[in-house]
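With the hints as extra help, turn the sequences into a complete structure.
Residue numbers (our numbering), protein chains in the order written: chain A, 1 to 458; chain B, 1 to 458; chain C, 1 to 483; chain D, 1 to 483.
What the hints contain is simulated information worked out from the structure, not anything from laboratory work. Using N, Cα and C, we set each Cβ at its ideal position, and we do this for glycine too. Mixed in with the good hints there might be a few duds.
Said to hold, decoys possible - Only pairs whose alpha carbons sit at most 16 Å apart, straight line, appear in this in silico EDC-like list of lysine to aspartate or glutamate:
1) Lys476(D) <-> Asp24(B)
2) Lys308(B) <-> Glu470(D)
3) Lys457(C) <-> Asp469(C)
4) Lys457(D) <-> Asp469(D)
To be verified - One-sided excerpt, in silico: chain D residues whose CB lies under 10 Å from chain A:
5) Ser2
6) Gly13
7) Leu15
8) Ala16
9) Glu22
10) Gly24
11) Ser45
12) Glu46
13) Leu47
14) Thr54
15) Cys82
16) His312
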Amino acid sequence: MPFIPHTGADTDAMLKTIGVAGIDELFEEIPGDLRLESLEGIPDAMTESEVGRLMRRRAARDEMALNFLGAGAYEHHIPAAVWELTTRGEFYSAYTPYQAEASQGTLQVIYEYQTMMASLTGLDVSNASHYDGASALAEAVLMAVRCNRRSTSRRVLVPRALHPHYRAVLETITSTQGVDLVDLPYDPAGGHTDTGALDDHAGEDVTAVVIPQPNVFGVLEPVDTMTDWAADNGALAVGVVNPMALGLLKPPGEWGREGAAIACGEGQPLGVPLSSGGPYFGFLTCRQALVRQLPGRLVGRTVDVDGKPGFTLTLQAREQHIRRSRATSNICTNQGLMVTAATIYMSLVGPVGLRRVAALCHARTAALAAGTQSIGGVSVAFASPHFHEVVLRLPVSGNEVLERLRAQGILGGADLGRWYPELGDAVLVCATETRTGQDIHRYVEALGSAIGGIGDGP
Amino acid sequence: MPFIPHTGADTDAMLKTIGVAGIDELFEEIPGDLRLESLEGIPDAMTESEVGRLMRRRAARDEMALNFLGAGAYEHHIPAAVWELTTRGEFYSAYTPYQAEASQGTLQVIYEYQTMMASLTGLDVSNASHYDGASALAEAVLMAVRCNRRSTSRRVLVPRALHPHYRAVLETITSTQGVDLVDLPYDPAGGHTDTGALDDHAGEDVTAVVIPQPNVFGVLEPVDTMTDWAADNGALAVGVVNPMALGLLKPPGEWGREGAAIACGEGQPLGVPLSSGGPYFGFLTCRQALVRQLPGRLVGRTVDVDGKPGFTLTLQAREQHIRRSRATSNICTNQGLMVTAATIYMSLVGPVGLRRVAALCHARTAALAAGTQSIGGVSVAFASPHFHEVVLRLPVSGNEVLERLRAQGILGGADLGRWYPELGDAVLVCATETRTGQDIHRYVEALGSAIGGIGDGP
Amino acid sequence: MSEPLVFELGRSGRLAGAQVPEAGAAVDLPPEMLRDSRPQLPEVSELDAVRHYTRLSQRNFSIDTQFYPLGSCTMKYNPRGCNTYAMLPGFLQRHPLAPEDVSQGFLACMYELQRMLCRVTGMTAFSLTPMAGAQGELSGVAMIRAYHLDRGDTERTEILVPDAAHGTNPATAVKCGFAVRELPTAADGDLDIDALRRLAGPRTAGIMLTNPSTLGLFERRIQEVRDIIHGAGGLLYYDGANLNAILGKVLPGDMGFDVIHINLHKTFSTPHGGGGPGSGAVGVGERLEPFLPTPFVGIGADGYRWVDAADHPKSIGRLSAFMGNAGVLLRAYIYMRMLGRRGMERVADYAVLNANYVMARLAAAGFDLAYPERRACHEFVVTLKRQAREHGLTAINLAKALLDRGFHAPTTYFPLLVPECLLIEPTETESKETLDRFVDAMADILAEAQVDPERCKQAPVTMPVRRLDEVRAARKPDLRYRP
Amino acid sequence: MSEPLVFELGRSGRLAGAQVPEAGAAVDLPPEMLRDSRPQLPEVSELDAVRHYTRLSQRNFSIDTQFYPLGSCTMKYNPRGCNTYAMLPGFLQRHPLAPEDVSQGFLACMYELQRMLCRVTGMTAFSLTPMAGAQGELSGVAMIRAYHLDRGDTERTEILVPDAAHGTNPATAVKCGFAVRELPTAADGDLDIDALRRLAGPRTAGIMLTNPSTLGLFERRIQEVRDIIHGAGGLLYYDGANLNAILGKVLPGDMGFDVIHINLHKTFSTPHGGGGPGSGAVGVGERLEPFLPTPFVGIGADGYRWVDAADHPKSIGRLSAFMGNAGVLLRAYIYMRMLGRRGMERVADYAVLNANYVMARLAAAGFDLAYPERRACHEFVVTLKRQAREHGLTAINLAKALLDRGFHAPTTYFPLLVPECLLIEPTETESKETLDRFVDAMADILAEAQVDPERCKQAPVTMPVRRLDEVRAARKPDLRYRP
Ligand SMILES: Cc1ncc(COP(=O)(O)O)c(C=O)c1O
Ligand SMILES: Cc1ncc(COP(=O)(O)O)c(C=O)c1O
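Set out below in structure tokens:
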């Protein structure tokens with residue numbers, strides 16, 4: 001019996017202690033007409049050996065040689081130590097640190113994480129994580145709505161250049177709360193949010209403005225202008241940032257005159273593998289004044305009865321298990337283990353490493369973009385500065401080109417036409433620090449021949 | 001500076017404390033004409049990311065789809081827990097447990113291992129491991145020479161059906177000690193050691209007899225007869241056994257009337273991956289009376305000053321660090337981590353699992369042998385019972401067939417002609433429990449077409 | 001020995017050199033967009049980082065080191081094979097947006113997982129995207145809302161929730177725009193059916209239940225509950241956090257539930273990871289199928305494919321940037337394949353056996369059961385009301401005394417309706433010997449409290465820290481290191 | 001809390017079900033060949049095994065958790081990347097007898113490793129097959145023997161070994177059929193050259209040296225030693241266990257050594273694993289090349305190939321069933337690639353800096369250096385002769401007191417010629433802060449012993465056990481559990 005330790009003798013002795021004749025009797029409170037005879041449609045057990053073989057085959061089947069796809073999930077180098085440590089049983093199989101004395105390891109990790117994320121985003125406090133970047137944005141927007149007491153409209157301005165999946169999640173989670181999401185168009189030449197469009201809302205009751213940095217096109221937004229506009233118009237600025245980019249870019253807390261009030265984003269670039277989209281983790285940081293509206297767990301440093309420093313979950317009165325229907329959020333389980341990985345990652349790369357990795361990613365993407373310019377009809381779609389991801393406009397359909405690249409083992413980028421009909425001839429391409437000059441050369445060659453192949457037609 | 005933590009300020013402060021102006025001064029005792037300017041011919045440093053890429057490429061290059069090669073190293077299922085636990089830093093990066101109080105984990109593991117190996121081989125005591133099976137055999141033979149006070153000849157009978165690499169190592173290590181290795185031929189029909197040849201040595205001064213079980217052909221030896229012959233002729237019987245086989249087969253301690261005096265072998269089948277031949281571990285067990293001639297480390301259970309049970313290295317007076325030139329062996333570092341893996345492996349499969357795995361390996365090889373009989377000209381070379389490995393005689397050269405199988409991603413077995421010129425048309429094939437019916441089918445098909453191909457050949 | 005903060009180990013200029021690329025990549029961005037403050041990340045060597053986090057890990061209890069009789073949490077063994085195989089390079093490297101034609105291996109696993117989850121719940125369709133139980137609840141309740149609105153039924157503004165429910169239930173209902181009506185528990189531990197009849201009506205969008213309840217009791221009149229709610233036009237939501245108790249014994253679908261989430265990090269043994277990640281896969285009967293969150297996996301002519309908003313227009317939409325916690329889902333899939341049909345049936349058998357055994361032994365050892373007349377399901381409630389009064393042995397004191405004896409504490413002070421309660425769930429993967437040692441430790445603490453009531457108030461004394469000042473933590477929150 | 005033996009956790013009939021195939025495979029072997037006794041293997045659940053071995057691991061000190069100033073052992077950081085990449089499935093699954101045409105990836109690594117080892121030692125050829133330092137020594141001394149015999153020089157029956165040498169040196173010489181002549185150490189810590197002159201002669205097969213010696217001192221008159229030995233017709237063997245001190249500073253080949261082994265588990269940072277596996281790769285100058293143990297990797301027309309006995313007829317032969325500890329070699333290879341040329345040069349720089357720093361600080365703290373006039377190389381010797389006499393602070397007492405302070409003990413009572421000695425080797429991967437804390441702990445123990453001499457005799461008190469009765473262990477050996 002996999003994972004069940006009972007011998008026949010154990011079971012018999014236990015039944016005797018309980019005072020029943022068989023295990024079935026223990027289920028006697030279930031109404032008879034509901035009792036199942038047996039499970040149907042579940043395959044027979046496999047040993048670990050057999051299942052290992054199955055999984056190896058399936059995993060191998062999906063392997064691609066070379067990846068230039070980003071669009072919200074990025075292939076960075078992850079130091080081996082990160083997951084060798086993170087999967088240690090004491091982190092991996094621990095419960096939520098409610099019993100603080102028996103959980104000082106996890107608690108201290110989270111405290112260190114909170115410190116790092118607050119500082120990285122230039123804000124005061126960080127929570128212990130949210131599910132992912134998109135759901136963290138939804139929580140950040142709900143939080144802004146709660147915090148902005150001057151506004152009653154629940155109107156939130158959302159750039160069209162925000163990742164469309166983030167936009168979708170925002171919709172799912174905030175729509176039941178009466179939040180009104182209003183689009184901000186992007187500048188078709190620059191690829192950044194059209195600040196002129198912002199001005200159309202001047203004087204309106206706007207609760208919050210979402211500011212992605214970089215936006216889904218990899219383009220850098222005019223964050224200072226947007227943050228100042230928010231301040232001037234009584235709205236809270238909510239930054240959605242790539243934490244790797246923050247090794248290089250100005251953090252939300254320093255945008256404009258006052259900084260954003262809240263920052264959030266996808267933590268995946270900090271030591272978490274691509275793994276089909278999850279588990280990742282969302283981060284959420286804010287100004288000190290907003291801390292009691294910050295959802296999710298928080299770890300605080302305190303002292304024990306002997307005065308010795310220690311860590312504990314704190315401000316739990318905001319949470320569902322205490323405040324129930326009046327909690328700031330319904331979140332309970334978050335992404336603790338990913339936070340552990342990210343904390344170790346950030347410790348290993350440090351401030352210098354993070355900056356260098358970010359700079360290198362940026363340089364590699366720049367090299368790739370430059371390389372493709374020699375292919376007839378290929379151009380960089382947007383003129384504004386971008387970070388480590390670039391939209392290429394092609395002379396043919398993006399979708400078709402990507403299919404041809406795939407046949408050569410290359411994931412060539414994201415087909416923007418799926419999300420932006422006006423960009424059907426554009427692909428979003430990313431080269432991180434893990435892509436070498438040779439890889440980029442191979443990409444450029446393959447892209448050239450793919451386009452050529454389509455040009456020649458069937 | 002990879003792996004060096006010193007900041008410039010640290011270095012300066014340390015130099016100041018030492019009272020020198022620069023690091024170079026610390027090397028002033030090296031004669032000037034020997035001092036190197038710099039290392040030549042060493043490539044520049046790679047980051048972990050870069051080296052990871054290199055290693056992934058090289059590892060992938062050698063991958064084979066399907067393996068039917070055994071011949072001393074066997075592909076068994078290894079429970080995931082084995083290496084997830086064994087590579088925990090506390091096992092992986094610990095030193096030899098000389099400071100017992102700070103090494104109770106490793107010491108207890110070894111004590112458990114000693115118990116398991118002694119019992120598995122049916123003997124009284126086990127050491128804490130030797131380098132590998134072949135070098136353990138060499139130590140076992142040297143030990144037998146020391147133990148057998150009645151014999152002065154240093155003559156050791158060695159079956160030709162012992163793995164030829166073991167024979168070679170025995171030669172290297174014992175030749176400087178004046179040990180005289182004498183061949184025992186194998187029965188050409190049965191594949192087992194010719195017991196008639198043993199009788200030719202009756203009455204001689206024979207120090208020890210080596211008894212492999214199974215032998216290199218996978219054939220089971222007449223261990224009872226051979227052990228009794230040794231007893232009758234004043235020789236010590238040294239068993240060389242596959243520990244996986246012992247899940248099923250009679251252990252050396254129970255061979256013949258009195259049992260073998262010493263057993264040894266390759267521990268790899270017990271949870272250690274193939275990994276190009278090492279690290280594996282040799283095991284070495286013996287009768288209680290011989291313990292003070294047993295080389296290598298031993299862990300004993302004792303009590304601390306409070307009477308609490310604990311573990312420590314013991315009987316160290318046999319070892320080189322105490323006895324120096326008069327030590328039983330020069331061994332110091334052994335294969336501790338592999339012992340940890342094997343101990344966890346044996347705990348997870350238990351006595352029932354070991355037996356079932358052994359039986360399944362055996363059944364799979366039997367099915368493979370049966371399957372190949374339909375191919376014209378293929379026959380099982382030896383008639384005696386065998387365990388989980390079988391010699392197939394082919395109508396064409398073994399070497400060529402194996403090459404053709406390789407082209408289909410199959411490691412088809414060992415080319416016996418390399419070691420036994422008389423077996424140039426024979427391959428040694430092994431199917432462990434990890435080979436499914438489908439795999440075996442594929443092998444049989446591939447073998448058939450390879451032989452056919454050569455038959456048609458140029 | 002206490003472990004310094006990683007920041008305290010750092011020195012300016014120190015670098016884990018093998019992890020950091022060489023300086024020198026050109027940055028051609030406008031200077032005003034660049035950061036000039038240096039983020040407060042540690043500057044440590046690789047050895048210091050490895051040593052620090054290894055040492056921190058040792059300051060945790062975990063399943064791999066201790067028994068966790070933690071009610072409502074189902075802390076069972078997390079097979080290492082699930083971890084190893086879910087972390088195969090092919091799975092770790094798969095980009096979430098990789099097209100279907102190069103994703104059939106992964107999609108096959110997800111599709112089969114959806115099907116198995118349907119089978120064990122009696123639902124007709126599953127979406128794996130919710131990233132924890134609470135997000136599963138959110139999607140479930142959002143579907144209930146969408147269902148009523150789709151039918152033009154706009155008056156249903158209330159969700160009924162038992163007083164014993166987990167905090168996520170009422171919190172979720174509110175996050176979906178509903179008002180919560182709390183249902184009392186009857187003296188026998190079942191729902192107060194009369195109260196239910198009173199509260200159910202045209203404003204009732206639905207009810208959120210878990211069965212067995214968080215009291216560890218099987219709701220015997222579940223069919224009556226179903227009839228009342230369905231009769232009032234509402235839907236039944238099943239909080240699947242307690243599925244371990246009934247796996248293979250009864251299907252939530254047969255009990256009348258319209259929608260369910262399952263905490264895969266409980267019944268299907270994906271690790272808790274010190275607080276996540278989990279997965280709250282959500283399943284529905286036919287009525288709610290159109291509203292299922294996207295993406296989920298379907299089958300098309302070319303093999304497995306993603307079903308996205310475009311193919312599923314009434315969907316409540318996306319809940320995550322990609323498809324949820326794929327790595328967690330793979331672990332659950334592997335676990336289910338290793339259990340197989342018979343293995344799944346045995347989960348409830350032995351989880352319930354273990355719970356009733358510990359309950360019987362604790363009762364014999366002098367502990368008071370909250371519901372002595374009832375069978376335990378996979379967990380049960382002990383109340384220390386008497387011991388707290390007589391010997392100062394409160395739930396928290398007992399919890400801390402257990403830590404000193406090498407056991408994680410049970411869940412304390414939940415459910416809220418039982419005073420000084422412990423919610424005890426042993427799970428099926430613990431052996432009789434472990435359970436016996438636990439009962440002995442409990443009895444020992446009780447005996448000690450009777451002799452020396454002060455002693456348990458001092459516990460724990462063997463942990464890295466003693467009892468922490470939580471009031472101070474909340475009054476003067478120190479949420480971040482400042483040098 | 002003590003941890004039971006795994007056998008004590010077991011119960012007859014218990015099974016880790018996912019690891020055990022179904023019963024039923026036919027066994028058609030003759031019954032008299034089968035086992036009827038059941039081996040004494042544990043019968044535990046998977047959870048119990050995982051928990052047991054996880055808990056046992058926590059009862060160890062290790063580099064990943066503690067500082068190990070362990071002289072002669074070079075306990076430096078073992079990069080986790082070396083482990084991860086050496087354990088890539090392609091490497092783990094490679095069969096040792098896989099033919100060369102499907103092994104070029106692995107062979108390339110081994111060939112390059114051989115070349116790099118030649119470069120850092122000044123040797124012309126390397127064989128990677130020895131599985132630890134002692135086996136490297138054995139192959140080296142066997143080559144010396146083979147060399148003399150090959151020249152018909154059969155009278156060379158002695159190997160010279162300094163009294164400070166590691167025990168493996170004399171033991172190895174004897175295992176190769178030589179008699180050992182011990183060389184005294186002069187007062188300044190160098191070899192006694194006069195004694196050397198007296199002992200060297202026509203019976204001298206060779207000398208085994210390590211430079212720096214195990215006293216942590218660079219043998220300054222090494223060129224004289226070379227001339228004496230070579231002059232007498234002998235060869236020089238270099239025990240490369242201490243290579244860390246001179247990496248990139250001086251080549252053993254330039255010092256005149258004819259053969260060398262390197263403990264890759266020291267200088268090249270493969271883990272010690274609680275006592276192995278290691279690797280004792282062996283290198284030679286031209287004279288000994290014909291005798292190199294097989295197999296090693298060469299280059300042929302079709303790429304890398306194995307050089308085996310057939311191609312190398314004078315070889316001393318095989319030392320292992322296959323090719324040695326391949327996985328260890330991969331780790332060393334990866335490490336060397338991450339260090340690169342500059343990184344290797346820095347190893348000795350900082351190993352020696354750290355040693356001299358700790359030496360200076362300990363001297364200032366009142367500890368007596370065995371050779372106060374000398375520079376430390378990567379390690380140095382402290383003698384507690386005075387403290388032992390005055391305060392009972394023997395080497396062992398100090399060692400145990402360090403354990404209580406969270407530091408592994410230095411090597412004690414080795415080399416044998418210095419009374420109450422500690423051999424201290426900090427390695428280059430430890431930070432100044434760690435070294436400072438270590439010195440502080442040493443000073444603290446000394447201060448405590450001055451005040452309360454009894455205290456250090458009680459140590460350790462914080463470990464899982466206190467001082468063990470080793471006499472009893474040896475007198476009544478309990479080497480195996482019997483229920
Ligand atoms: C009964 C019950 N419902 C819901 C939840 C919430 O699940 P999660 O923590 O995964 O969000 C939990 C677990 O914490 C629970 O025990
Ligand atoms: C100086 C010296 N020589 C030889 C050895 C023996 O090496 P090994 O333990 O790898 O056999 C050691 C290490 O233990 C050593 O320190």
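ask   = Any CB of chain A closer than 10 Å to the CB of Ala16(D)?
value = Hint holds; Ala16(D) Cβ to chain A Cβ min 8 Å, cut 10 Å.
Cut-off 10 Å, beta-carbon criterion: hint that Ser2(D) touches chain A = 19 Å, violated
Closest C-beta approach of Gly13(D) to chain A relative to 10 Å, hint status = OK, holds: Gly13(D) within 10 Å of chain A, min 4 Å.
key: Restraint satisfaction for Cys82(D) [CB to CB of chain A, less than 10 Å]   = This interface hint holds because 8 Å falls under the 10 Å limit.
query = Hey, Lys457(D) versus Asp469(D), does the alpha-carbon distance stay inside 16 Å?
reply = It holds: about 14 Å lies between the C-alpha atoms, which stays within 16 Å.
key: Hinted contact Glu22(D) with chain A - closest CB pair below 10 Å   = It holds, given that the least Cβ distance between Glu22(D) and chain A is near 8 Å, below 10 Å.
ask   = Hint check: is the beta carbon of Glu46(D) less than 10 Å from a beta carbon of chain A?
value = The hint holds - Glu46(D) has a Cβ within 10 Å of chain A, the shortest such distance being about 6 Å.
key: Proposed proximity, Glu470(D) with Lys308(B) (alpha carbon, max 16 Å)   = 13 Å, holds
query = Can we keep the Thr54(D) interface hint, with Cβ of chain A closer than 10 Å?
reply = With a minimum Cβ separation of about 5 Å from chain A (threshold 10 Å), the hint on Thr54(D) holds.
query = Does the CB of Ser45(D) sit less than 10 Å away from some CB of chain A?
reply = Holds. Min distance 4 Å.
key: Per-residue hint verdict: His312(D), partner chain A, C-beta under 10 Å   = 37 Å, violated
request  = Would you mind confirming whether the straight-line C-alpha gap from Lys476(D) to Asp24(B) stays at or under 16 Å?
outcome  = Violated. Lys476(D) to Asp24(B) sits at ~54 Å, over the 16 Å cutoff.
The earlier numbered hints that this structure contradicts are 1, 5, 10 and 16.
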